[in-house]
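**Q** Going by the UniProt record's numbering, the residue at position 14 of the sequence shown is 14; the numbering climbs one at a time, nothing skipped.
Since the hints were derived computationally from the structure, they do not count as laboratory data. Note that CB positions come from ideal geometry on N, CA and C, so glycine has one too. Any given hint might turn out to be false.
[Said to hold, decoys possible] Beta-carbon label-pair distances, calculated as ranges:
# : residue 1 : residue 2 : range
1 : 363       : 427       : 22 to 28 angstroms
2 : 676       : 751       : 20 to 26 angstroms
3 : 560       : 715       : 48 to 54 angstroms
4 : 413       : 885       : 45 to 51 angstroms
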Amino acid sequence: MSMEDFDSSILLDFIIECNEHLEHVETDLLTLEKNPDDLDILNTIFRAVHSIKGGASFLGLKKISQLTHKMENVLDALRKEKLAVTSEIIDTILEGIDVLIQLIEELEVNAKEAFGEGDKQANIDFDEMSEIDIETIMEKVEAIKSTPATHSTSSSEPVAQPSSPVSAIQKTEEQEQVGTKNGEGALSAALTVFLTESNEILDSLEQNLMSLEENKSDKELINELFRSMHNLKGNARYLGMAHTEKISHHMENVLDGFRESKLEVSSEIIDLLFTGFDTLKALIQAITDTGIDTSVGVEQVVDQLKQIAGKKNEPAPVIKEEPQAKAEVVHNDESVSIFITAVSQHLKNLINVQNRLENNQLDANQDLEILLRAALGMKSSANYMQFNAVRELSENIENIVRVLVANPAAITPAFPLLLKRCVETYESIFDSIKTQCKEVDVDPLLIADLMIETNSVTSRAVAKETVTKKVAVDEGRQIPPQADQDIHVQANENKTEDTNNDQKDASSGEQKSSGAAKKGFSVEKTIRVDQSKLDSLMNLIGELIISRNSFNSISRKVETEYNVPEIAKEIKAATHMIGRISDELQNTIMGVRMLPVGTVFNKYTRMVRDLAKAKEKEIILHIEGEDTELDKTVIEQIGDPLVHLIRNSADHGIECTEERLKNGKSPAGNLYLRAYHEGNSVVIEVEDDGAGISAEKMKKKAFEKGLISEKEFNTMTEQAAVELIFLPGFSTAEKVSNISGRGVGMDVVRNNITKLNGRVTVQTQIGKGTKFSMILPLTLAIVDTIMARVGRNVFAIPLYAVAETVKVDRNGIKTIKNNRAFNLRGNVIGIASIAELFHIDAEKRNGSDIDDSVSIVIINSGSYQVGFIVDELLDKQEVVIKPLIDFLASITGISGATILGDGSIILIIDPTELVELTTKSGERVQELIET
1 MSMEDFDSSI
11 LLDFIIECNE
21 HLEHVETDLL
31 TLEKNPDDLD
41 ILNTIFRAVH
51 SIKGGASFLG
61 LKKISQLTHK
71 MENVLDALRK
81 EKLAVTSEII
91 DTILEGIDVL
101 IQLIEELEVN
111 AKEAFGEGDK
121 QANIDFDEMS
131 EIDIETIMEK
141 VEAIKSTPAT
151 HSTSSSEPVA
161 QPSSPVSAIQ
171 KTEEQEQVGT
181 KNGEGALSAA
191 LTVFLTESNE
201 ILDSLEQNLM
211 SLEENKSDKE
221 LINELFRSMH
231 NLKGNARYLG
241 MAHTEKISHH
251 MENVLDGFRE
261 SKLEVSSEII
271 DLLFTGFDTL
281 KALIQAITDT
291 GIDTSVGVEQ
301 VVDQLKQIAG
311 KKNEPAPVIK
321 EEPQAKAEVV
331 HNDESVSIFI
341 TAVSQHLKNL
351 INVQNRLENN
361 QLDANQDLEI
371 LLRAALGMKS
381 SANYMQFNAV
391 RELSENIENI
401 VRVLVANPAA
411 ITPAFPLLLK
421 RCVETYESIF
431 DSIKTQCKEV
441 DVDPLLIADL
451 MIETNSVTSR
461 AVAKETVTKK
471 VAVDEGRQIP
481 PQADQDIHVQ
491 ANENKTEDTN
501 NDQKDASSGE
511 QKSSGAAKKG
521 FSVEKTIRVD
531 QSKLDSLMNL
541 IGELIISRNS
551 FNSISRKVET
561 EYNVPEIAKE
571 IKAATHMIGR
581 ISDELQNTIM
591 GVRMLPVGTV
601 FNKYTRMVRD
611 LAKAKEKEII
621 LHIEGEDTEL
631 DKTVIEQIGD
641 PLVHLIRNSA
651 DHGIECTEER
661 LKNGKSPAGN
671 LYLRAYHEGN
681 SVVIEVEDDG
691 AGISAEKMKK
701 KAFEKGLISE
711 KEFNTMTEQA
721 AVELIFLPGF
731 STAEKVSNIS
741 GRGVGMDVVR
751 NNITKLNGRV
761 TVQTQIGKGT
771 KFSMILPLTL
781 AIVDTIMARV
791 GRNVFAIPLY
801 AVAETVKVDR
811 NGIKTIKNNR
821 AFNLRGNVIG
831 IASIAELFHI
841 DAEKRNGSDI
851 DDSVSIVIIN
861 SGSYQVGFIV
871 DELLDKQEVV
881 IKPLIDFLAS
891 ITGISGATIL
901 GDGSIILIID
911 PTELVELTTK
921 SGERVQELIE
931 T
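Hey, can you work out the whole structure from these sequences and the hints?
**A** This is the structure in structure tokens:
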């Protein structure tokens, strides 16, 4: 793509798709490490890297394109079993993914700077702007690939070998320029696709030639070699690379002689084909390095190939090794006529759908089913007739349509034009078959574009932001079970059928598929929405809730102050209706903002693996409840706390293998990362089966560091001692590692979770393990509260922190060591007065002290509970949290404010900080109340 017309929307789509691919690649690589024979996972990783490479090549992003190309080569070698999956290879690929993520992040930042506010296009070279070095990782990835296997020559009549193609190319002056871009020799997108496919073909060619030397009568192997060479020749011809096309053409002729049994497969000829292979490899390498198609070494090899191919006209020698594996299909007039009859109706249906698509009249469910049946039908017929061009084209269309059948929303703007090109290509091929009984070549760029389109619609389909249903495109191209019930494809398309019957079947099939699609698939069309728009919607919902509450207030006033119960009743009914609608709106918007915690959890698989290797431990990570959903804002902020907890468990919690075996445990430690719903909260747990936390050791360390007094040391409970781990600067580690042990981290965990209106607890058992639990609200925007009056002021206390509310006889409150407490079902609960903490004057408290009983709100604080005295408990109410302005935001004990239905502003209490206020002054809160 020319840098003069670099379109911001295309670049944005590319960045989004890259992030979607990379989100799963790390997890898939770690899964592959555990299951090295899982070809499906390997193919998934390969497709992701291939898609990124294709997009980067199109946009001219050389760094990303070059790195992904190197990684793709390694992955392809793994797919073809030329390399074995090892931890070292996985490590290197993961390093490459890390660099790739940095490149994408850098690209996003640079794009924002380059395009400016509202700009759609810019003249910019993002590779020049990039400061990330990729040479080191490129060399590491390149070093993975083993040296290609060499072949031995065992010919009794050696064929004359040309001089080394590589060295000859380096010395030649006889060169031709191909495929340059912007006059600087940069490879065009088409040439990049060609080079990628050529390297893949050559890898396959070398392996298959060696296999043919051992199995000279293997017809399938010969056909595969012929197809590979035919594709390479066609690609070279399209780009005008005459020398590459020439040698490919003559190698193809020799392989055609093998196919038609006019040449005997011998070691001498295979050696010559290897010579041709070496020359081709050198040509492709020269094009990659310089963009030049050279003729050096070509003529000598071509002359030898011509000499061998010329023997096809002589009587075919008898091949003694084994009988022919499979008879060649003869394309006689009758079989061709049957084929044309079978595919004609499919082509007609394809054209009809293409016309409807161009005119924006597409019926997604019905027409996509018709497309799939057409592709499957033509592929089936082409397979029987061995028309490879038709088969390949149909197969690529099938791959795209399979995804679109289940996800019509994944259709891209490029699809209509691609379908039109496919129709034109089919018409050209079928005309050639009718007149000459043979196919014409398919434009290799059309196949490349179809493959890119498959990757594009697949990534759109699996992305959480764009679809609600994931679709797996099966490598074996089997019809999915649901679709199999709805799509009716004839098993033997090559049988003679009446054309009219075909048309009737197609027509009825369309009607059936329309209904079948409705039964077989439940598809929701979705679009991307900017997060700021969702935030704005959430704010509007908050305002609606405030307005709803005001109707409740008006209803009460009409009934009590104006004594008009009939009108009050109507207002209540209307309020109830508004409440129901606002609740549905709120739930819908919150549902859109919700994300599964798995989006965070999956990132830690790699981290645990790296930590285990660094500490020379065996650690198995178990992820549970990854589908549990949380507000996106909460999800984004729990990352750091989880990192600290996981690192702490891996470094200090889980013992080394020798110690575990000594204690009768399994050699591998278990680390559990789980999430689940509990009431209106979500609980996230990090649990290990390690050594546990010693309360005595904790107390001793804290005392030595002066964090607790001697009195506290002697009276502290075991649970309180364990919770010392959350103190700033506290650590029991004997030595500082590069992972943890500096005493920073665990206090950050508690502080960050507190900011999210959550809390964190710890449970431990010596020799058994430790469990950290984070209790988080589902959303930060709206919270259920209980209203409590203190004097003339009303406060909102979040219900997620309230254990219970009780009324206690004033005489039941005792003073123990200058601290007030009362007995609740056998448990001693310490209490404090909110009025005293917030310095609310006695005269402003409306004589509340004279009551015989006291209202107490009991709040959970870690592993213990604290009671807070209020003057009166009012009602429960759902409120919208509004942040305090800057100079008030730092006030301890208050997390925000809300507006009630009567217009009054109520302060929302921060439960965790309220507990801290039992030992701190609340004078600033009183200033806020008076304000």
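**Q** Compare the structure with each hint and give your call.
**A** Tested hints:
no.	hint	in the structure
1	363 with 427: 22 to 28 angstroms	holds (24 angstroms)
2	676 with 751: 20 to 26 angstroms	holds (24 angstroms)
3	560 with 715: 48 to 54 angstroms	holds (53 angstroms)
4	413 with 885: 45 to 51 angstroms	holds (47 angstroms)
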